[in-house]
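In the order they appear, the protein sequences are chains A and B. Quick note, in my numbering, the first sequence goes up one by one and the last residue is 220. Quick note, in my numbering, the second sequence goes up one by one and the last residue is 220.
Mixed in with the good hints, there may be bad ones.
Identical copies look the same in the list; a pair holds intra-copy or inter-copy alike.
[To be verified] List time: in silico PhoX-like cross-link candidates among lysine-lysine, alpha-carbon distance up to 20 Å:
| # | residue 1 | residue 2 |
| --- | --- | --- |
| 1 | Lys108 | Lys74 |
| 2 | Lys143 | Lys55 |
| 3 | Lys55 | Lys108 |
| 4 | Lys179 | Lys190 |
| 5 | Lys132 | Lys108 |
Just so you know, the hints here were simulated from the structure itself, not pulled from any lab data.
Protein chains: 2
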Amino acid sequence: MLPESIKQLAARLSNLPGIGPRQAIRIAIYISQKESSFIDDLAGSLQEISNLKNCSDCFLPHANQSSRCRICSDPKRTTDLIAIVEKITDLLSIEQSQAYSGRYLVLGDLKKDGELTPEQEKRIGQLITQLTSLPNSQAEEIIIALSPTNHTQISADKLEQRLRGKAKKITRLGRGLPTGADIEFSDDETLKNSLKNRS
Amino acid sequence: MLPESIKQLAARLSNLPGIGPRQAIRIAIYISQKESSFIDDLAGSLQEISNLKNCSDCFLPHANQSSRCRICSDPKRTTDLIAIVEKITDLLSIEQSQAYSGRYLVLGDLKKDGELTPEQEKRIGQLITQLTSLPNSQAEEIIIALSPTNHTQISADKLEQRLRGKAKKITRLGRGLPTGADIEFSDDETLKNSLKNRS
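Bound-form chain A, shown alone (with noise of 0.2 Å):
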């Protein structure tokens, strides 16, 4: 009894993170039923999001002139201290902690079996490549900042063989408690990670 346009819309909206078939056409429904201002301030705003481009060295999206990102181009970040983010919310998240000065590299989301896809692959290629101007053609630090779900893992792994002699350190995320954990409710990976690196 709909429309095709309203299933049409629908069909395109559920190919976003997190929006199911039936929230999709409620959500087609709702904007129907909207003035049209509203439909063209919302197409309008996606329009706007072409015109974006990501980091030629980071790969955040941003709207510069030039093909680095602010981060990217600010003097005063760590140029030889790299983190390695899967998802640009994770670079935000990491950002807004104001614990960390360096650059990023973001790699996309991961693949559940760990392999890196050849996209991945050519961002860290690019990486490797950067790092040879600087001195010893090495990193101080790489950071492999990835959450530390099982199939994240292995990508990590195969990140730092991939990295190897590419920088002084290459380190992962500190693992622990998070605050505001409760000991009885932890999983034994957690304790276990937390007794180890006890400081």
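Start from chain A and add chain B according to the hints.
Frame of chain A; chain B shown alone:
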């Protein structure tokens, strides 16, 4: 660190039903990483929605040349049986049941205080005017087909008052145990209704 255009798109997405601010950011970032054809398709689908109109009789959105939707212009539909529903998705669910052959009036989201909005008053008024073309200026039956929640009961009572005399029968959807329900875990209200409406 995110470009303004991503933040703006996220802000607009978070106005859509069921999308929170964090998910909106995730979706906007996701879109920023897609090829431009993906963005164009989505924006195009949105713009097509602007071409829809709501049915002049029941307010279901449609793409017909005429002012009425497929249901309202279907001669096989009973014209003197009207179901008043809150949401377009309610109409779709009733259609899917294939247990209803009458027509509809879509009210749009009801307010929690049970009051009808001016737009809803207008739709009811228009229905009443349409009913004057029927024999005795009356429908055979009007079904107040609202989901049985606390706040819709007030709206249903108000609708019944407004429509008194405009139909031979004014009914509501049957109440009782849903298929697959477990008596042990059913609430008192449902059980009371299932006893009252036993058959």
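Evaluated hints:
1. Taking the shortest Cα distances, Lys108 and Lys74 sit within 20 Å of each other inside one copy (16 Å), while across copies they are farther apart (41 Å).
2. Taking the closest pair of Cα atoms, Lys143 and Lys55 come within 20 Å of each other only across two copies (18 Å); inside a single copy the shortest separation is 44 Å, beyond that limit.
3. For the homomeric pair Lys55 and Lys108, the shortest alpha-carbon distance between copies (14 Å) is at most 20 Å, but the shortest distance inside one copy (33 Å) is not.
4. With identical chains, the CA atoms of Lys179 and Lys190 are at most 20 Å apart within one copy only, with a shortest distance of 16 Å there and 72 Å across copies.
5. In this homomeric assembly, Lys132 and Lys108 come within 20 Å of each other (Cα to Cα) only inside a single copy, at 12 Å, whereas the closest approach across copies is 40 Å.
Going down the numbered hints, you'll see the structure goes against none, and every one checks out.
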